[in-house]
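Let the sequences and hints guide you as you build the complete structure.
Quick mapping for you: the protein sequence lines, in order, are chains C and L. Everything in the first sequence is counted per my numbering, starting at 1 for the first residue and increasing by one. Everything in the second sequence is counted per my numbering, starting at 1 for the first residue and increasing by one.
Please keep in mind that the hints were generated in silico from the structure rather than gathered at the bench. In this text, a Cβ means the ideal position worked out from N, Cα and C, and glycines have one as well. Warning: the hint list may mix true and false statements.
[Claimed, not checked] Covered stretches of chain C (chain L as the covering partner; in silico rule of three or more C-beta atoms under 8 Å from a C-beta of chain L):
#1 7-19
#2 114-121
[Stated by the list, open to error] Derived Cβ-Cβ restraints for the label pairs, each shown as a range:
#3 L:293 - C:138: 42 to 48 Å
#4 L:2 - C:200: 22 to 28 Å
#5 L:365 - C:210: 31 to 37 Å
#6 C:200 - L:213: 33 to 39 Å
#7 C:62 - L:365: 18 to 24 Å
#8 C:20 - L:318: 48 to 54 Å
#9 L:394 - C:67: 22 to 28 Å
#10 C:35 - L:92: 23 to 29 Å
#11 L:23 - C:35: 54 to 60 Å
#12 C:291 - L:213: 38 to 44 Å
#13 L:302 - C:69: 53 to 59 Å
#14 C:20 - L:209: 36 to 42 Å
#15 L:217 - C:71: 56 to 62 Å
[What the hints assert, rightly or not] With a straight-line cut-off of 27 Å between C-alpha atoms, the simulated DSS-like cross-links for lysine-lysine are:
#16 L:7 - C:301
#17 L:402 - C:306
#18 L:199 - C:16
#19 L:56 - C:310
#20 C:16 - L:390
#21 L:130 - L:56
#22 C:310 - L:155
#23 C:310 - L:7
#24 C:301 - L:231
#25 L:231 - C:306
#26 C:20 - L:433
#27 C:310 - L:429
#28 L:434 - C:301
#29 L:390 - C:310
#30 L:390 - C:306
#31 L:434 - L:447
#32 L:199 - L:130
#33 L:402 - C:259
#34 L:399 - C:259
#35 L:399 - C:310
#36 C:202 - L:390
#37 C:301 - L:433
#38 L:390 - L:433
#39 L:447 - C:306
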Amino acid sequence: MEGLRNISSSPHFRSKTDTKAIMLDVILAMLPAMAISVYRFGLRSLLIIVVTVGFAVLSEYLWNLLMKKPQTVQDLSAVVTGIILALNMPPEIPLWIPALGAVFAIIVVKQLYGGIGQNFMNPALAARCFLLISFAGLMNDFSCAKIGFDAMTGATPLAMAKSGDMFRYGLLDLFLGNIPGTIGEVSALALLVGGAYLLFTKVINWRIPVVYIGVFAVFIYIFGYHDLYQVAYQVLSGGLIFGAFFMATDYATSPITVKGQFIYAAFLGILTGLFRLFGGAPEGVSYAIILGNLVVPLIEKYTIPKAFGKGGRKAK
Amino acid sequence: MSLATFKGGTHPYEGKELAEGSAIRKLDFEGNFFFPLSQGIGAPAKPVVAAGDHVKAGQIIAEAGGFVSANVLSSVSGTVKAIEPRMTANGLDSPCIVVESDGLYETAEGVGEKRDYTKLSGEEIIDIVKKAGIVGIGGAGFPTHVKLSPRFPEKVDYIIANGSECEPMLTSDYRLMLEEPEKLLGGMKVCLQIFPQAKGIIAIENNKPEAIKAVKEICAHEPNVEVVELKTKYPEGGERQLIYAVTGRTINSGVLPADAGCIVNNVATLAAIYDAVVNGIPLMEKVITISGDAVKEPCNVRVRLGASYDRILEAVGGIKEGITPAKYICGGPMMGQALFSLSIPVTKPSSALLAFLYDEVSENPTTACIRCGRCVEVCPEFLVPTLLAKAAENRDLEKFEKLEGMECVECGSCSYICPARRPLTQSFKVMRKKVAEQRRIRAAEAKQREAQAAEAKAQAENKKEEK
Chain C
1 MEGLRNISSS
11 PHFRSKTDTK
21 AIMLDVILAM
31 LPAMAISVYR
41 FGLRSLLIIV
51 VTVGFAVLSE
61 YLWNLLMKKP
71 QTVQDLSAVV
81 TGIILALNMP
91 PEIPLWIPAL
101 GAVFAIIVVK
111 QLYGGIGQNF
121 MNPALAARCF
131 LLISFAGLMN
141 DFSCAKIGFD
151 AMTGATPLAM
161 AKSGDMFRYG
171 LLDLFLGNIP
181 GTIGEVSALA
191 LLVGGAYLLF
201 TKVINWRIPV
211 VYIGVFAVFI
221 YIFGYHDLYQ
231 VAYQVLSGGL
241 IFGAFFMATD
251 YATSPITVKG
261 QFIYAAFLGI
271 LTGLFRLFGG
281 APEGVSYAII
291 LGNLVVPLIE
301 KYTIPKAFGK
311 GGRKAK
Chain L
1 MSLATFKGGT
11 HPYEGKELAE
21 GSAIRKLDFE
31 GNFFFPLSQG
41 IGAPAKPVVA
51 AGDHVKAGQI
61 IAEAGGFVSA
71 NVLSSVSGTV
81 KAIEPRMTAN
91 GLDSPCIVVE
101 SDGLYETAEG
111 VGEKRDYTKL
121 SGEEIIDIVK
131 KAGIVGIGGA
141 GFPTHVKLSP
151 RFPEKVDYII
161 ANGSECEPML
171 TSDYRLMLEE
181 PEKLLGGMKV
191 CLQIFPQAKG
201 IIAIENNKPE
211 AIKAVKEICA
221 HEPNVEVVEL
231 KTKYPEGGER
241 QLIYAVTGRT
251 INSGVLPADA
261 GCIVNNVATL
271 AAIYDAVVNG
281 IPLMEKVITI
291 SGDAVKEPCN
301 VRVRLGASYD
311 RILEAVGGIK
321 EGITPAKYIC
331 GGPMMGQALF
341 SLSIPVTKPS
351 SALLAFLYDE
361 VSENPTTACI
371 RCGRCVEVCP
381 EFLVPTLLAK
391 AAENRDLEKF
401 EKLEGMECVE
411 CGSCSYICPA
421 RRPLTQSFKV
431 MRKKVAEQRR
441 IRAAEAKQRE
451 AQAAEAKAQA
461 ENKKEEK
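Rendered as structure tokens:
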């Protein structure tokens with residue numbers, strides 16, 4: 001068709017960053033945590049990651065195929081879900097459990113609600129909660145007996161904190177990851193490196209992680225410990241840092257408005273504090289984020305910014 | 001020094017390097033010139049010539065068709081061939097006056113008459129600007145004489161020259177500021193003559209250091225004209241964004257810049273005002289940029305209005321050999337119009353012809369929204385584009401209005417940044433037109449009801465009197 005040109009309404013330029021590029025950045029940001037997990041827990045970690053990612057991608061692929069929908073696995077979002085779910089698994093988990101979780105995350109939480117961007121809960125976290133409720137024993141077994149990890153037998157630092165013993169692991173152990181826990185949450189250092197990468201590449205902004213962790217720290221200082229060492233211990237253990245940077249910031253399930261992000265993050269901080277201080281279980285990040293996800297539509301509804309020139313926020 | 005700017009916005013690929021080194025040169029053609037009766041915002045002009053008439057360069061061939069409307073002048077001397085519908089940049093047929101140039105460029109009476117603007121009153125200046133057919137030639141095409149006639153002239157505090165040229169690829173304003181800063185300053189002083197209490201501000205994005213230097217040099221001894229450096233960011237040159245950046249004042253769609261004490265003119269418009277008022281030369285020519293990765297020799301050329309783009313492109317060297325451009329754009333990449341044919345004329349608001357090897361739009365198909373919030377971050381009007389897009393998808397005019405969709409300036413930042421390549425701005429344009437139409441219908445209906453009520457009342461009173 002000589003002489004015919006493309007016509008479209010302006011703008012005619014597009015930024016280089018598409019959905020796939022963003023997901024790739026998230027995957028890159030989780031590489032340090034994945035590397036540490038393999039270093040600490042051995043190839044078993046890698047196996048869990050491969051299984052969850054494999055089942056997540058396969059579920060999405062088959063769903064699209066069977067539902068005659070355009071294929072979306074190439075946007076890498078299923079890979080991200082798979083990795084996040086894997087990093088939330090204890091090292092000795094029988095592999096069929098993460099596999100089941102991955103299928104649940106993709107089919108039930110993501111696709112049944114309309115696919116990417118439409119799910120109202122973080123798929124990986126919802127799957128984790130599903131597994132926690134269904135297989136409480138296996139999901140809370142951090143003994144590492146079978147893979148022979150003597151140094152890390154027994155309870156997680158948070159479980160010990162719950163029973164009053166906060167001094168078996170030092171803050172440095174917590175920071176570097178010389179502790180039992182899920183394969184991805186143990187090393188605060190690795191997670192912070194990844195978080196910094198996400199901030200640097202502007203995949204996420206500082207509001208949710210900083211406000212979440214900040215409010216949590218202040219909350220437990222006031223209502224629980226009155227002691228900075230114990231607050232630091234709480235911040236560095238469990239899934240808080242992983243959750244704050246990688247799960248609470250999930251696009252689909254966090255507010256898009258600036259004010260909303262502050263409110264949501266503060267809400268998560270308070271909930272996590274409540275669960276950890278007064279709840280029955282030692283950890284509360286997953287449930288806090290899932291509950292936070294549910295109020296996002298409400299938060300958004302009341303935090304629509306005022307338009308420019310209509311008495312809204314002053315630009316600077 | 002801190003740079004003036006606004007909140008939000010994006011940094012698209014600038015691409016200025018392609019044409020910024022090319023000095024403005026003049027192009028002349030023989031043959032037919034086409035003058036659409038509607039060139040910019042406002043009512044179309046009414047033709048005052050007929051087929052067969054002989055016209056001169058600078059002669060008014062169509063008169064303003066209302067208050068917000070501008071004269072159309074012939075840019076050549078020759079014979080009126082026809083007044084007929086022809087395709088214009090928006091892809092629609094629009095009535096045009098076709099003039100066949102005789103190549104003599106005989107000028108109409110009074111053209112070229114020098115004036116001393118300091119001896120003219122405000123009304124006289126505005127009248128000259130009106131007769132010269134000047135509109136905002138930076139892209140919007142709003143009649144300049146209307147802009148210069150605010151309700152409360154004494155409340156105008158700033159005359160702002162918009163030299164931001166924030167659209168990627170365009171370099172015509174840059175060359176103008178570099179080569180003819182005295183005309184820009186002259187136009188500014190003419191405007192300050194109308195508003196003696198106002199202060200002149202020339203605002204330029206800091207990606208044009210040479211232009212800033214040239215303009216600063218010429219303004220060195222002008223106590224009432226200040227040069228302000230703007231942060232390079234799109235859409236820094238948007239009227240509302242620019243006013244905020246240089247004065248800190250905020251306006252919305254319901255407020256005119258003049259109500260906030262500001263009058264914003266593009267630098268090229270100011271140069272045109274200077275030419276019209278001081279040199280007696282009405283708006284017959286303009287500088288446009290020919291650029292893009294498919295163009296053989298990107299450049300800036302001064303062309304007569306009414307010349308058609310295919311001839312201009314041919315005259316400057318055309319497209320690179322062996323290449324078929326995927327897309328032609330009239331104007332900038334962010335707000336310009338895609339052309340499917342080049343046989344359309346240069347009009348007053350035309351700023352560029354761009355030709356691209358790849359069409360980034362068709363090569364980036366739309367996927368699902370991932371709610372990343374980037375559109376919210378970049379929107380210079382603080383809107384939530386993704387929610388507006390939902391309202392647009394549902395054709396929900398009420399929701400669209402409630403979410404302040406009518407405040408959208410159609411800058412394109414949200415569509416540019418969207419990783420899912422959703423047609424955000426594009427859908428808002430459609431919705432804004434629909435809402436505006438609905439408002440017009442509602443207003444007409446209300447008027448009708450009022451008239452009916454008045455009539456009924458009058459009848460009732462008549463009956464009373466009869467009794």
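Subject >> Distance restraint between residue 7 of chain L and residue 301 of chain C, which requires alpha-carbon spacing of 27 Å or less >> reply: Judged against 27 Å, a Cα distance of about 22 Å means the pair holds.
Subject >> Range hint compliance [Cβ, residue 365 of chain L to residue 210 of chain C, 31 to 37 Å] >> reply: holds (36 Å)
Subject >> Restraint status (C-alpha distance of residue 390 of chain L to residue 306 of chain C at most 27 Å) >> reply: OK: residue 390 of chain L and residue 306 of chain C at ~18 Å, within 27 Å.
Subject >> residue 200 of chain C and residue 2 of chain L - C-beta distance against the hinted 22 to 28 Å >> reply: holds (24 Å)
Subject >> Agreement of residue 301 of chain C and residue 231 of chain L with the hint, judged by alpha carbon distance not exceeding 27 Å >> reply: Answer violated: residue 301 of chain C to residue 231 of chain L is near 33 Å, above 27 Å.
Subject >> Hint consistency between residue 399 of chain L and residue 259 of chain C [alpha-carbon to alpha-carbon, up to 27 Å] >> reply: holds (21 Å)
Subject >> Holds or violated: residue 16 of chain C to residue 390 of chain L, with C-alpha atoms at most 27 Å apart >> reply: holds (24 Å)
Original post:
Is the distance from the Cβ of residue 35 of chain C to the Cβ of residue 92 of chain L consistent with 23 to 29 Å?
Top reply: violated (59 Å)
Original post:
Honestly, do residue 291 of chain C and residue 213 of chain L meet the 38 to 44 Å range at C-beta?
Top reply: Since the Cβ atoms of residue 291 of chain C and residue 213 of chain L sit about 59 Å apart, the hinted range of 38 to 44 Å is violated.
**OP:** Verify the proposed pairing of residue 447 of chain L with residue 306 of chain C, using a straight-line Cα cut of 27 Å.
**Re:** violated (31 Å)
Subject >> Hinted pair residue 310 of chain C and residue 155 of chain L, Cα distance within 27 Å >> reply: holds (21 Å)
Original post:
If you draw a straight line from the CA of residue 20 of chain C to the CA of residue 433 of chain L, is it 27 Å or shorter?
Top reply: This hinted pair is violated, its Cα atoms lying about 34 Å apart.
Figure legend: structure checked against the earlier numbered hints; hints not met, in rising order: 3, 8, 10, 12, 18, 19, 24, 26, 39.
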